[in-house]
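Chains as they are written, first to last, in my numbering: chain A, 1 to 580; chain B, 1001 to 1092.
Derived from the structure by calculation, the hints contain no laboratory data.
Here the structure is a predicted model, which is why all the values come from computation and not from measurement.
Yeah, the Cβ is synthetic: ideal placement off N, Cα and C, and Gly gets one too.
Do not rely on the hints blindly, as some may be mistaken.
What the hints assert, rightly or not - EDC-like mimics (lysine to aspartate or glutamate), calculated; alpha carbons at most 16 Å apart, straight line:
| id | chain 1 | residue 1 | chain 2 | residue 2 |
| --- | --- | --- | --- | --- |
| 1 | A | Lys-351 | A | Glu-309 |
| 2 | A | Lys-106 | B | Asp-1047 |
| 3 | A | Lys-338 | A | Glu-411 |
| 4 | A | Lys-106 | B | Asp-1063 |
| 5 | A | Lys-500 | A | Asp-563 |
| 6 | B | Lys-1083 | B | Asp-1063 |
Unchecked claim - On the chain B side, residues computed to face chain A include the following (Cβ under 8 Å):
| id | residue |
| --- | --- |
| 7 | Arg-1017 |
| 8 | Val-1023 |
| 9 | Ser-1050 |
Claimed, not checked - Footprint (simulated), chain B over chain A, 3 or more residues, beta carbon under 8 Å:
| id | stretch |
| --- | --- |
| 10 | 90–102 |
| 11 | 140–147 |
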Amino acid sequence: MRTIVQTLPGSASTDQSETGRTFAGAGVSPGRIIGSILLMPQAVREPAVGERLAAETSSEEASTALRTAAKAVQSNLTARSVGASGAGREVLEATALMANDPMLVKAAIKLITNGASPERAIWDAAASVAEMLHNLGGYMAERATDVLDVRGRIVAELRGVPAPGIPYSDTPFILIAEDLAPADTATLDPAKVIALVTSSGGPQSHTAIIARALGLPAVVAAVGVDALADGTRIFVDGAAGTILVDPGADEVALAKAWETAAAALAVFDGTGRLHDGHLVPLLSNVGGSKDAVKAAAAGAEGVGLLRTEFCFLERDTEPSIAEQVEAYRGVFDAFPGKKVVVRTLDAGADKPLPFLTDASEPNPALGVRGYRTDLTSPGVLKRQLEAIALAAEGTEAEVWVMAPMISTAEEAEHFAALCAAAGLATPGVMVEVPSAALTAASILEHVDFVSLGTNDLTQYAMAADRQLGPLAALNTPWQPAVLQLIRLTVNGSRDEGHDKPVGVCGEAAADPALAVVLVGLGVATLSMTARALSSVAAVLASVTLPEAQQLAKLALTAHSATDARRLVREKLPILNTLGL
Amino acid sequence: MSERTAVIASRVGLHARPAGIFVAAVGELPIEVTISMAGEPVDDAMDASSILSIMSLGASNGDTVVLRAEGDGADEALDSLVKILETDLDAE
């Protein structure tokens, strides 16, 4: 399916020497697309502490330079707000006003008069303002980030370098970055950004998650792509993980075919099943009621993972029971008569919640996170279960509850007792820690179901931080060791004897080829981002259960993750037809 | 010195969009306008053309604020600003 042509006739837009150059990374979100690239500028470096005004510059000149820069940033943001709509427009209008705010500019000029360089002056002045806003709490605290964003833009303007953040363009482009942070999602306009390529980051990085949620083709860990020049035309294959500079007729045809296939793939009829009729309920992962409504519209057969921490990110204090009830109720109401699996707060590591986690831990991924926060902040979990039970009252959703980061049967037993005390009938746990996979039978004596979180299971099984680009090859759920842990979890459920369901709610379930393997291993339900439902359903419908079991065996016994993926994909011709 | 009081009508208070609209209106005036919470000393009044000052004022729905200005056209200018503050800008 990959026809990467090594040499192609050059085009006027690209340096001849780059024509036909290829880059290989990890494909994390399928799709084939051709477009021009824009590079994400480097984050703005902090000016040296105490940086002084250059001897030949007067404080008047420096003040004028600062005023000019602030005005330029303001007019740039104002111009952008005109083209934006809704919440995005409001944010841009407000930040535009902040850029040239008299209070901010006056404070900076005072520092310049005292001898500071304009860069350092605006840096410190904005820091004081941000701190003041932060201390006011609530809505004001959230605006502190906007002040710091404006500061970065003014410093970039003073230095004559591109503004930080996602570049702005009137025409759609392929975004090239080192990696994306969660905050970048807010400013990523899917109407403008048509694909994502990063030089760093792994398959579980935020870039990958953002791309899948937005349905954008994406390749991560493509070393060297950030050396390409703005405006270079490239072909991106988000399934194969390849990039080709200055594509030719073959790639144009591939991109066209993908466009057609993507339109056909956009529909899921609401029942996941194999070719032989074996049912595999396809559920959705959601972060709140907005997601839930979208997932229900996309045909999801329920929610396999409600990430409750997403309802409360950036909160400094524990949400009240009433606030929690409201957040959960919105999700339950979107799925009457359907299953909704609520995961209790999974704070820690890359998702810190100030009221639960200690940011100073040396090893946050191995620290007090998920269920473990009940050790250090007792009561929060109990109150959350109470809120879930209250929210479940009077809704038609079938509410299940599970705890993240369970390592032992004892913990599962304790969690089940807490659920029973709150009146929650169906307790379960996540299997993310290898010890939980190995002791699944004992764990399932205490709870009614388990759900495999493949992202964390992979990082712990392979001892490879999921945020690290250089370890991307280790960090894939195609690793035979990870598949073995999934097999052992399913075996544990069989050994326990009550046919308790084993589901998957990690990113692995969203990979259509891997979904077939998971079903072949005996996984009962798959939960994924709503975007992936239709493609996973289409591929599952092309195989029978014995075929899926055969493919699972192939993957389990493969010598490497790459081999496992290749062997399975070769046996699934539909992937090629659909461009997945 | 002209002085007017206004009761904040926007449900979200003088934040976000309402604050932006107000600051933009002040910015278009040829005179300097200050704003403070009712009952606070004149010395603590803040520059009404600064979105950051307005935000740090923290005026909520139903709060009374005092606007002050000097010079030609100050009365008319303050009247127009009071009108803005006493409209629920968030409802539009």
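Subject >> Pair hint outcome, A:Lys-106 versus B:Asp-1063 [Cα-Cα no greater than 16 Å] >> reply: Cα-Cα ~28 Å, so violated.
Original post:
Keeping to a limit of 16 Å between CA atoms, is the pair of A:Lys-500 and A:Asp-563 held or broken?
Top reply: Given pair A:Lys-500, A:Asp-563 is violated - Cα atoms ~32 Å apart, limit 16 Å.
Original post:
Under the criterion that the straight-line Cα-Cα distance not exceed 16 Å, is the pair A:Lys-106, B:Asp-1047 satisfied?
Top reply: 11 Å, holds
Original post:
Are B:Ser-1050 and chain A close enough, Cβ to Cβ, to be under 8 Å, as the hint says?
Top reply: Nearest chain A Cβ about 4 Å off; hint holds.
**OP:** Below or equal to 16 Å on CA atoms is what counts here, so check A:Lys-338 against A:Glu-411.
**Re:** 28 Å, violated
**OP:** Using 8 Å as the Cβ threshold, decide whether B:Arg-1017 counts as touching chain A.
**Re:** 5 Å, holds
Original post:
For the stretch 140–147 of chain A, do at least 3 residues have a Cβ located nearer than 8 Å to some Cβ of chain B?
Top reply: Coverage by chain B holds here, the residue count being 3 at a Cβ distance below 8 Å.
Original post:
Quick one, are B:Lys-1083 and B:Asp-1063 close enough, alpha carbons at most 16 Å?
Top reply: Distance ~15 Å between B:Lys-1083 and B:Asp-1063 Cα, so the pair holds.
Subject >> Interface hint compliance - B:Val-1023 to chain A, C-beta minimum distance less than 8 Å >> reply: 6 Å, holds
Subject >> chain B over the stretch 90–102 of chain A, status - at least 3 residues with CB closer than 8 Å >> reply: holds (count 7)
Original post:
Does A:Glu-309 lie within 16 Å of A:Lys-351 when you go C-alpha to C-alpha?
Top reply: 8 Å, holds
Against the hints set out earlier in the document, violations occur for numbers 3, 4 and 5.
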